[in-house]
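**Student:** Construct the entire structure; sequences and hints are all you get.
Going down the list, the sequences are from chains A and B.
Anchor point for the first sequence: position 140 equals 242 in the numbering used here, and the numbering is continuous, going up by one each time.
Anchor point for the second sequence: position 38 equals 304 in the numbering used here, and the numbering is continuous, going up by one each time.
Hints are supplied without guarantee of correctness; some may be wrong.
[Said to hold, decoys possible] Under the rule of at most 30 Å between Cα atoms (straight-line distance), these lysine-lysine pairs were calculated in the DSS-like manner:
no., chain 1, residue 1, chain 2, residue 2
1, A, Lys460, B, Lys362
2, B, Lys312, A, Lys460
3, A, Lys465, A, Lys448
4, A, Lys446, A, Lys410
5, A, Lys121, B, Lys382
6, A, Lys460, B, Lys284
7, B, Lys366, A, Lys121
8, A, Lys107, A, Lys315
9, A, Lys107, A, Lys226
Simulated from the structure, these hints should not be mistaken for lab results.
Nothing here was measured: the structure is a model prediction, and the numbers come from that model.
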Amino acid sequence: MTELKKTALYDLHRSLGAKAIPFAGYEMPVNYPLGIMKEHLYCRKSAGLFDVSHMGQLVISSNTQSMQFIASELEKLLPIDVLGLSEDRQRYGFLPNKEGGIIDDLMISNRGDHYFVVINASRKEIDFKYLRENISKEIDVDLIKTRALIAIQGPQSEKILSNLIGELSSLKYLDVKDFSYKGEILWVSRSGYTGQDGFEISLPNSLCEVFCKNILDQDGIEPIGLGARDTLRLECGLCLYGQDLNETITPIEAGLKWAIQKVRRTGGEREGGFIGQEKILNQIEEQPYFKREAFFPDGRAPLRSGTKLFSDDSGKNEIGVITSGGYSPSLERPISMGYLDYKKFKIGNPIFGELRNKFFPVKLTKLPFVATSFKRN
Amino acid sequence: MKFTEEHEWLEPDGDTVKVGITEYAAEQLGDIVFIELPDLGTSVTKGQEIVVIESVKAASDILAPLDGEIIEINNAIVDDPSMVNNDPTGEAWFFKMSLKNQGELDGLMSEDEYKKHIQ
Numbered sequence: 103m104t105e106l107k108k109t110a111l112y113d114l115h116r117s118l119g120a121k122a123i124p125f126a127g128y129e130m131p132v133n134y135p136l137g138i139m140k141e142h143l144y145c146r147k148s149a150g151l152f153d154v155s156h157m158g159q160l161v162i163s164s165n166t167q168s169m170q171f172i173a174s175e176l177e178k179l180l181p182i183d184v185l186g187l188s189e190d191r192q193r194y195g196f197l198p199n200k201e202g203g204i205i206d207d208l209m210i211s212n213r214g215d216h217y218f219v220v221i222n223a224s225r226k227e228i229d230f231k232y233l234r235e236n237i238s239k240e241i242d243v244d245l246i247k248t249r250a251l252i253a254i255q256g257p258q259s260e261k262i263l264s265n266l267i268g269e270l271s272s273l274k275y276l277d278v279k280d281f282s283y284k285g286e287i288l289w290v291s292r293s294g295y296t297g298q299d300g301f302e303i304s305l306p307n308s309l310c311e312v313f314c315k316n317i318l319d320q321d322g323i324e325p326i327g328l329g330a331r332d333t334l335r336l337e338c339g340l341c342l343y344g345q346d347l348n349e350t351i352t353p354i355e356a357g358l359k360w361a362i363q364k365v366r367r368t369g370g371e372r373e374g375g376f377i378g379q380e381k382i383l384n385q386i387e388e389q390p391y392f393k394r395e396a397f398f399p400d401g402r403a404p405l406r407s408g409t410k411l412f413s414d415d416s417g418k419n420e421i422g423v424i425t426s427g428g429y430s431p432s433l434e435r436p437i438s439m440g441y442l443d444y445k446k447f448k449i450g451n452p453i454f455g456e457l458r459n460k461f462f463p464v465k466l467t468k469l470p471f472v473a474t475s476f477k478r479n
Numbered sequence: 267m268k269f270t271e272e273h274e275w276l277e278p279d280g281d282t283v284k285v286g287i288t289e290y291a292a293e294q295l296g297d298i299v300f301i302e303l304p305d306l307g308t309s310v311t312k313g314q315e316i317v318v319i320e321s322v323k324a325a326s327d328i329l330a331p332l333d334g335e336i337i338e339i340n341n342a343i344v345d346d347p348s349m350v351n352n353d354p355t356g357e358a359w360f361f362k363m364s365l366k367n368q369g370e371l372d373g374l375m376s377e378d379e380y381k382k383h384i385q
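**Tutor:** See the structure below:
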């Protein structure tokens with residue numbers, strides 16, 4: 103066993119009474135004394151502070167080439183509109199492999215003189231190596247280790263954060279802006295992983311603890327662990343890499359077609375030209391038979407990741423699998439997402455999830471389970 | 267009261283015992299959202315998985331503490347699993363069982379021994 107890595111907030115988590123778990127090589131808080139359920143509901147109602155420093159932060163820049171050149175290079179790997187991403191704006195994207203499967207999903211920001219990319223903790227080294235090997239040597243790719251990453255999420259997040267760093271009302275969903283705090287620069291984006299209004303902040307490791315203590319000194323905010331982070335994202339139907347997304351699932355199968363702007367699709371001004379384009383563009387036209395769906399298990403037993411789905415209650419005809427599932431604190435019932443194989447399943451047919459050798463009826467429903475509440479205007 | 271290494275408490279009453287989980291176990295499990303109890307009349311053997319508990323986080327099992335038969339179950343905790351977080355050693359008992367061999371109770375931990383066990 104290699105020793106678990108610690109984030110800049112390790113001591114703070116301990117002092118707050120966090121229960122620690124290993125996650126992607128880091129020792130991370132799964133919950134604080136409040137517990138997952140109350141943390142979840144508190145974030146929905148007021149605000150929550152999350153340590154997401156385990157995630158990868160990439161800076162993509164060039165001393166010799168323009169941002170336009172970098173964007174063009176990135177568009178060879180990302181099926182999204184990078185050239186059209188304005189300065190101080192952020193966008194969701196993913197890196198497909200040759201077969202159209204997803205190497206990782208990410209958030210990319212145009213920060214004027216570089217692109218800033220947030221990637222999954224478990225994929226950091228893989229993404230870094232992949233990017234380094236597949237884009238121009240004139241472009242620098244840095245996996246930065248000197249900055250922590252935190253999120254402040256929930257309806258009170260603007261008010262709480264503005265007490266420390268100033269006016270935030272001009273920032274809309276997916277806007278990016280620098281703020282200063284105690285002489286250091288914070289990279290702030292209005293985004294997150296809870297489906298709610300909120301902010302993600304990249305800041306120097308050395309500043310992180312004092313900044314977070316000052317945030318937690320405000321009224322209306324509690325620290326939130328990875329447990330509630332998972333239930334919050336699941337309620338809003340957001341994918342978790344390694345569960346809902348992997349190298350064998352395409353973005354179209356995952357229901358992420360919306361993230362591929364028209365300009366990159368067939369008939370668009372810059373159609374294709376990215377790794378994995380054949381499968382992905384074809385699936386946009388043809389509709390995949392394997393698709394991410396949302397489910398309500400009947401009854402109260404949560405059907406979690408790995409639960410097999412059948413069209414009968416004896417386990418003969420397997421039609422899919424649950425990739426994320428659990429109890430929804432907001433809806434007070436179990437919810438699941440997963441994949442159905444439409445070669446074997448027809449709308450209207452019954453669905454059963456196998457749990458502990460029993461078969462539980464499951465109903466098909468629509469994502470998100472809980473409506474998102476981003477600040478779009 | 268007697269305790270098992272699996273964090274169950276057993277309260278003897280004549281030749282039957284009432285069984286639940288300890289405060290320590292309830293706290294470790296976190297917010298409990300689903301409980302499946304065994305059927306009345308089920309014969310159980312020590313170590314057999316007889317109760318399923320799902321917390322927000324994960325699923326876990328409760329093992330039969332001793333050999334015997336389930337003679338009563340507490341459906342109130344099935345209807346409201348959060349009772350187990352709020353009152354694990356009181357209202358939120360799980361089941362009552364008759365014992366095949368009453369003497370086996372002596373092999374379980376006392377409260378003091380259990381307290382040392384979880385330290």
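**Student:** Does each hint fit the structure? Answer for all of them.
**Tutor:** Structure-based check of all given hints:
1. A/Lys460 x B/Lys362: Measuring from Cα to Cα gives roughly 25 Å; hence the hint holds.
2. B/Lys312 x A/Lys460: holds, 23 Å
3. A/Lys465 x A/Lys448: At roughly 13 Å apart (the allowed maximum being 30 Å), A/Lys448 and A/Lys465 satisfy the hint.
4. A/Lys446 x A/Lys410: Holds, because 14 Å separates the two Cα atoms, which is no more than 30 Å.
5. A/Lys121 x B/Lys382: holds, 21 Å
6. A/Lys460 x B/Lys284: Roughly 28 Å separates the two Cα atoms, so the pair holds.
7. B/Lys366 x A/Lys121: Roughly 40 Å separates the two Cα atoms, so the pair is violated.
8. A/Lys107 x A/Lys315: Judged against 30 Å, a Cα distance of about 21 Å means the pair holds.
9. A/Lys107 x A/Lys226: Between A/Lys107 and A/Lys226 the Cα gap is close to 14 Å, so the pair holds against 30 Å.
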